[in-house]
Amino acid sequence: MKVFKDKKKMRSYKEFLYILPFLILVAIFSYYPLYGWIYAFFDYRPPFPLSMDSFVGLKWFKAMVENEVKLKQTLNVLRNTFAMSGLSLLFSWFPMIFAVFLNEIKCKPFKKFVQTVTTLPNFISWVLVYSIAYCIFNTTGVVNEVLLNLGVLESPQAFLQSGEHIWFKMWLWLTWKNAGWSAIMYIAAITGIDEQMIEAARVDGASRMQIIRHITIPSILPTYFVLVMLSLANFLSNGMEQYFVFQNSFNKESIQVLDLYVYNIGMGSGGYSLATAISILKSVVSVSILFVTNKISKMIRGEGFI
Amino acid sequence: MSRKEKRKKLKYDGGVADRIISVITYIVYSFFAFVCAYPFYYIFINTISNNDLSKRGKVLFWPKEIHFNNYTQVFQIPELFDALWVSVARTILGTALTVVIAAFLGYMFTRETLWMRKFWYRFVAITMYFNAGIIPWFITMKNLHLDNNFLVYILPVAVSPFYIILCKTFVESIPKELQDAAEIDGAGTLRIFFSIILPVIKPILATVAIFAAVAQWNSFQDTLLLVTDKTLYTLQYILYNYINQASSLAGLVNSTTSGTSLAASLAHAATATSIRMTVTIVVVTPIILVYPIFQKYFTKGIMIGAVKG
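As you go down the protein sequences, you meet chains A and B in turn. In terms of numbering that gives the first Met the number 0, the first sequence has 262 at position 263, counting the first letter as 1, and numbering is strictly consecutive. In terms of numbering that gives the first Met the number 0, the second sequence has 156 at position 157, counting the first letter as 1, and numbering is strictly consecutive.
Next comes chain A alone, as it looks inside the complex (with noise of 0.2 angstroms):
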């Protein structure tokens, strides 16, 4: 008996052995870097090793507040981070209408066709996007020579390089990206509710609105509810490349979103520690968002997302 024991145990610690490789990859490249947060707390120039004599305390955490100026530069950029992600949350039904009245279109043909037209955005890159809005929207592309020739402008626009509205084009350009693709999981939902449950309706002579508005959309109510949950989880994290490729002279002031702010700092300026000070901060509101969010989740539906 003792010997089956240990032949198990044996294996137990084998198999261990086999995954081991990869947690240890886990543990460089996702853990490991958590070290790199003490930098926060020292004034790190990059080709000198860290040493007691650099250590500044909470410093960097003050910076951010300490003077008229840099405290007007960080609310700066949180009231950008707060409006993209702010419109990204006021419009996050537009994905569910899409997915709803896409489903109302008969014609098989046309509703794939939209379907798999609308979602193809979703997987080239921002550089690409950004390479896109540029040949469309510089000085001969595609938009100017409409307008000029409709007789709406009078000379060509560089729109790309005005900083007007640009929480609303960022807002335009993640959409046009993103809302088929989003729109995927809401034709699943839709596709899961039972058609006697129309069929039904429709004896009783529901109308096509009265049934997307009484039945379909109360159906997938559930999963909008968790991908809201989601992008409340992601407030505070909108990504940089989006903003990085779009980002010039002209738009800096209203682009630079928490994401963009760190690298700017830490890669343009060279400003390591500052970068990090902030990260940690965004790290742990993002983290404690994300619990409060699973919370609710949690009282709501009964069950989390985590």
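Keep in mind that the hints were calculated from the coordinates and are not lab data. All residues carry an ideal CB built from backbone N, CA and C; glycine is no exception. Incorrect hints may have been included.
A few chain B residues that don't get close to chain A, going by computed Cβ distances all over 10 angstroms [claimed, not checked]:
1. ASN45
2. VAL123
3. ALA131
4. PRO155
5. THR168
6. LEU177
7. VAL199
8. TYR232
With beta-carbon atoms standing in for the labels, derived distance ranges [to be verified]:
9. A/LEU220 to B/PHE67: 47 to 53 angstroms
10. B/ALA181 to A/LYS294: 38 to 44 angstroms
11. A/LYS69 to B/LYS63: 50 to 56 angstroms
12. A/PRO20 to B/PHE30: 28 to 34 angstroms
13. B/PHE67 to A/LEU146: 27 to 33 angstroms
14. A/GLY238 to B/LYS63: 51 to 57 angstroms
15. B/LEU197 to A/VAL284: 39 to 45 angstroms
16. A/ARG10 to B/PRO291: 32 to 38 angstroms
17. B/ALA181 to A/PHE54: 56 to 62 angstroms
Put chain B on the given structure of chain A with help from the hints.
Quick look at chain B alone, frame taken from chain A:
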């Protein structure tokens, strides 16, 4: 009145409103489809049109004076050719590694015999929810000498918790008896993985492979942060550079292809616009080619992800 007749009548009653809704829906969705598809079409027709016309923005709806010089010229830019190789290499190697690891770990985390299975599973899965931030990550990669190193493209993303969860969920849905039977026949852990699990989980591996390949092909940030060695630039990075420093571009092409460009008329000579657009098409083509074939896999993946994640 029979039920069928009643339904017909009802349908007829709602007819006008229904038809209006239908018409509006078709118009609106045609607009959405146009907005999403036209940019790709617009850029494509410009790359095969008279370069002088396209530079002045005169090619809007159909190609004019078709030629394919732009494509032959663009592939003669040496740095672009190198970048293509780097992008292809990272996509193939990176995807292969990610998929194999996701399959293996997804399987191992279902094995109850694994020592401290639950703990290690959480150890991996939880990394989905936090990251150290871009600067600590950058410094760490530098300390590991992964800057200007091809490995930075594939190692950090090799173990991806999301893909592992997808695979684990799939493995859990396979009847346990299959593994038990193999075990009784004396098959070991690895043997079961290779001869029983792998063949069965192919559908989910296809999903993971597509996700991973698209992510690899599109990846831009790692090059931006950690690579200054020109031979390691990816296509995405080169494209980004080309958009921002376009005017010097045309010179680049026309000098590297001087033989042809001397003979070429204005209509075929490369312009900044033509190069930018052609490179855009080159970068986007693999995605467009792969996309319709695997559309069904995407949908499958997102559904499992939605249930679990």
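Checked hints:
Its beta-carbon lying about 8 angstroms from the closest one in chain A, B/ASN45 breaks the requirement of being farther than 10 angstroms from that chain. At roughly 5 angstroms, the least C-beta separation between B/VAL123 and chain A is not larger than 10 angstroms, which violates its mark as non-interface. Its closest Cβ contact with chain A, about 4 angstroms, brings B/ALA131 to no more than 10 angstroms, contrary to its assignment away from the interface. Not every Cβ of chain A is farther than 10 angstroms from the Cβ of B/PRO155; the closest lies at roughly 5 angstroms, contradicting the non-interface assignment.
With a minimum CB-CB distance of about 15 angstroms to chain A, B/THR168 clears the 10 angstroms threshold, and the non-interface call stands. Distance check for B/LEU177 against chain A: the nearest CB is about 18 angstroms away, which clears 10 angstroms, and the non-interface claim stands. Listed as outside the interface, B/VAL199 is consistent with that label: its C-beta sits roughly 19 angstroms from the nearest C-beta of chain A, beyond the 10 angstroms cut-off. Distance to chain A confirms B/TYR232 as a non-interface residue, since its nearest Cβ pair spans about 12 angstroms, more than 10 angstroms.
At roughly 51 angstroms, the beta-carbon separation of A/LEU220 and B/PHE67 lies within the given 47 to 53 angstroms, and the hint holds. Here the CB-CB span from B/ALA181 to A/LYS294 is close to 43 angstroms, well matched to the stated 38 to 44 angstroms. A beta carbon spacing of about 54 angstroms between A/LYS69 and B/LYS63 agrees with the range 50 to 56 angstroms that was offered as a hint. Between A/PRO20 and B/PHE30 the beta carbons are some 52 angstroms apart, a value that contradicts the proposed interval 28 to 34 angstroms.
Range check, B/PHE67 to A/LEU146: about 31 angstroms between beta-carbon atoms, so the 27 to 33 angstroms window is met. Under the hint 51 to 57 angstroms, the C-beta atoms of A/GLY238 and B/LYS63, about 39 angstroms apart, miss the expected range. Hint check: B/LEU197 to A/VAL284, Cβ distance near 42 angstroms, so the stated range 39 to 45 angstroms holds. Between A/ARG10 and B/PRO291, the C-beta spacing of about 45 angstroms breaks the proposed range 32 to 38 angstroms.
Checked against the hint of 56 to 62 angstroms, the C-beta distance between B/ALA181 and A/PHE54 comes to roughly 58 angstroms, which is consistent with it.
The structure is inconsistent with the numbered hints 1, 2, 3, 4, 12, 14 and 16, although it conforms to all the rest.
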